[in-house]
Amino acid sequence: AQSVTQLDSHVSVSEGTPVLLRCNYSSSYSPSLFWYVQHPNKGLQLLLKYTSAATLVKGINGFEAEFKKSETSFHLTKPSAHMSDAAEYFCALLTGGGNKLTFGTGTQLKVEL
Amino acid sequence: SQTIHQWPATLVQPVGSPLSLECTVEGTSNPNLYWYRQAAGRGLQLLFYSVGIGQISSEVPQNLSASRPQDRQFILSSKKLLLSDSGFYLCAWSPTKGLTTSLNSGNTIYFGEGSWLTVV
Numbered sequence: 017a018q019s020v021t022q023l024d025s026h027v028s029v030s031e032g033t034p035v036l037l038r039c040n041y042s043s044s045y046s047p048s049l050f051w052y053v054q055h056p057n058k059g060l061q062l063l064l065k066y067t068s069a070a071t072l073v074k075g076i077n078g079f080e081a082e083f084k085k086s087e088t089s090f091h092l093t094k095p096s097a098h099m100s101d102a103a104e105y106f107c108a109l110l111t112g113g114g115n116k117l118t119f120g121t122g123t124q125l126k127v128e129l
Numbered sequence: 377s378q379t380i381h382q383w384p385a386t387l388v389q390p391v392g393s394p395l396s397l398e399c400t401v402e403g404t405s406n407p408n409l410y411w412y413r414q415a416a417g418r419g420l421q422l423l424f425y426s427v428g429i430g431q432i433s434s435e436v437p438q439n440l441s442a443s444r445p446q447d448r449q450f451i452l453s454s455k456k457l458l459l460s461d462s463g464f465y466l467c468a469w470s471p472t473k474g475l476t477t478s479l480n481s482g483n484t485i486y487f488g489e490g491s492w493l494t495v496v
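Here the protein sequences line up with chains A and B, keeping their order.
With my numbering applied, the first sequence covers 17 to 129.
With my numbering applied, the second sequence covers 377 to 496.
Heads up, some of the hints might be wrong.
Stated by the list, open to error - Okay, derived cross-link-like pairs now, DMTMM-like style, lysine to aspartate or glutamate, Cα gap no bigger than 25 Å in a straight line:
{"no.": "1", "chain 1": "A", "residue 1": "Lys126", "chain 2": "B", "residue 2": "Glu489"}
{"no.": "2", "chain 1": "A", "residue 1": "Lys58", "chain 2": "A", "residue 2": "Glu87"}
{"no.": "3", "chain 1": "A", "residue 1": "Lys58", "chain 2": "B", "residue 2": "Glu398"}
{"no.": "4", "chain 1": "A", "residue 1": "Lys58", "chain 2": "B", "residue 2": "Glu402"}
{"no.": "5", "chain 1": "A", "residue 1": "Lys58", "chain 2": "B", "residue 2": "Glu435"}
{"no.": "6", "chain 1": "A", "residue 1": "Lys74", "chain 2": "B", "residue 2": "Glu435"}
{"no.": "7", "chain 1": "A", "residue 1": "Lys85", "chain 2": "B", "residue 2": "Glu398"}
For the record, the hints were derived by calculation from the structure and aren't laboratory data.
Extracted from the complex, chain B is given alone in its bound form:
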């Protein structure tokens, strides 16, 4: 079965410091990968998504970047954190389109456990 892992689970970083959040998916190949952010009192915002190695789409202009160095690895980074970067970051994956549409396959997007980032 497929699993998704992201780390660290909790992070407290000073303003101006760098950031690296890592996410890996196991049990599948060529997944679509996503980074979402959930800020306090706000909904879920898609930050980046990737349909393949080195292919990154940015949804909103911001202080963050994403990279996909390997098929099942997705990294969220920042060179200098801002206070406004604080939030709950969720990595997610979905199978490549074209599979069956049962609950556990097809275009369903599955989420990791999240990483709490507090910028102080």
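Bound-form chain A, shown alone:
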């Protein structure tokens, strides 16, 4: 079965400190993985995606993620958090023959002064 697990429902960091949002996946096939961000009452915005090219993927707003097949992980990181990064983050796996996304349950990121 194909699934995504986001290990933390809430993460709190101080502004200027690093961010780590964890995501593990289960897939029988070579996975395509995504991170999306959702600000309150808004749709989902794509941050970055991995599709079997470089294992370190750079996205928008300074975020990046590293695909580690041995650990079945695709953790999202940012060196220095900004107040505007406070939002909910979703990890997702492309399934259904490449036509559908299976989402994790989300991680709420809080950034404190």
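Given the structure of chain A, go ahead and fit chain B onto it with the hints provided.
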């Protein structure tokens, strides 16, 4: 460039009333189209997806239906709303498979701004 629009943005409907949420995509042809629901405190659940006009796949049995009357139009409907239908509904699209896999093409799924439905 491609854009996706869905409306209305907010809707308050009584139990038993009908529902129609509409979504259109511009700047592309033959997209895959999706309806997702995000209920309070829960993750994103795929409700329907469509790979072409009149082709609808339902992911979960429910009180809702979807239709695709035109290539870039996707409609979510209900004849009689239930309280449990309340939630945040997101329309999404992706290019047809086979394109390049850069960030802005390929099998990436792009979302609209969402529609808040409150059933009272």
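Checked hints:
Between Lys126 (chain A) and Glu489 (chain B) the CA atoms are separated by roughly 22 Å; this keeps the pair inside 25 Å, and the hint holds. A C-alpha spacing of about 32 Å is found between Lys58 (chain A) and Glu87 (chain A), which places the hinted pair above 25 Å, so the restraint is violated. For the hint pairing Lys58 (chain A) with Glu398 (chain B), the CA-to-CA distance comes to about 17 Å; that is within 25 Å, so the pair holds. Simply put, Lys58 (chain A) and Glu402 (chain B) have alpha-carbon atoms about 20 Å apart, close enough for the 25 Å limit, and the pair holds.
Simply put, Lys58 (chain A) and Glu435 (chain B) have alpha-carbon atoms about 23 Å apart, close enough for the 25 Å limit, and the pair holds. Simply put, Lys74 (chain A) and Glu435 (chain B) have alpha-carbon atoms about 32 Å apart, too far for the 25 Å limit, and the pair is violated. About 39 Å separates the Cα atoms of Lys85 (chain A) and Glu398 (chain B), which puts this hinted pair outside 25 Å; it is violated.
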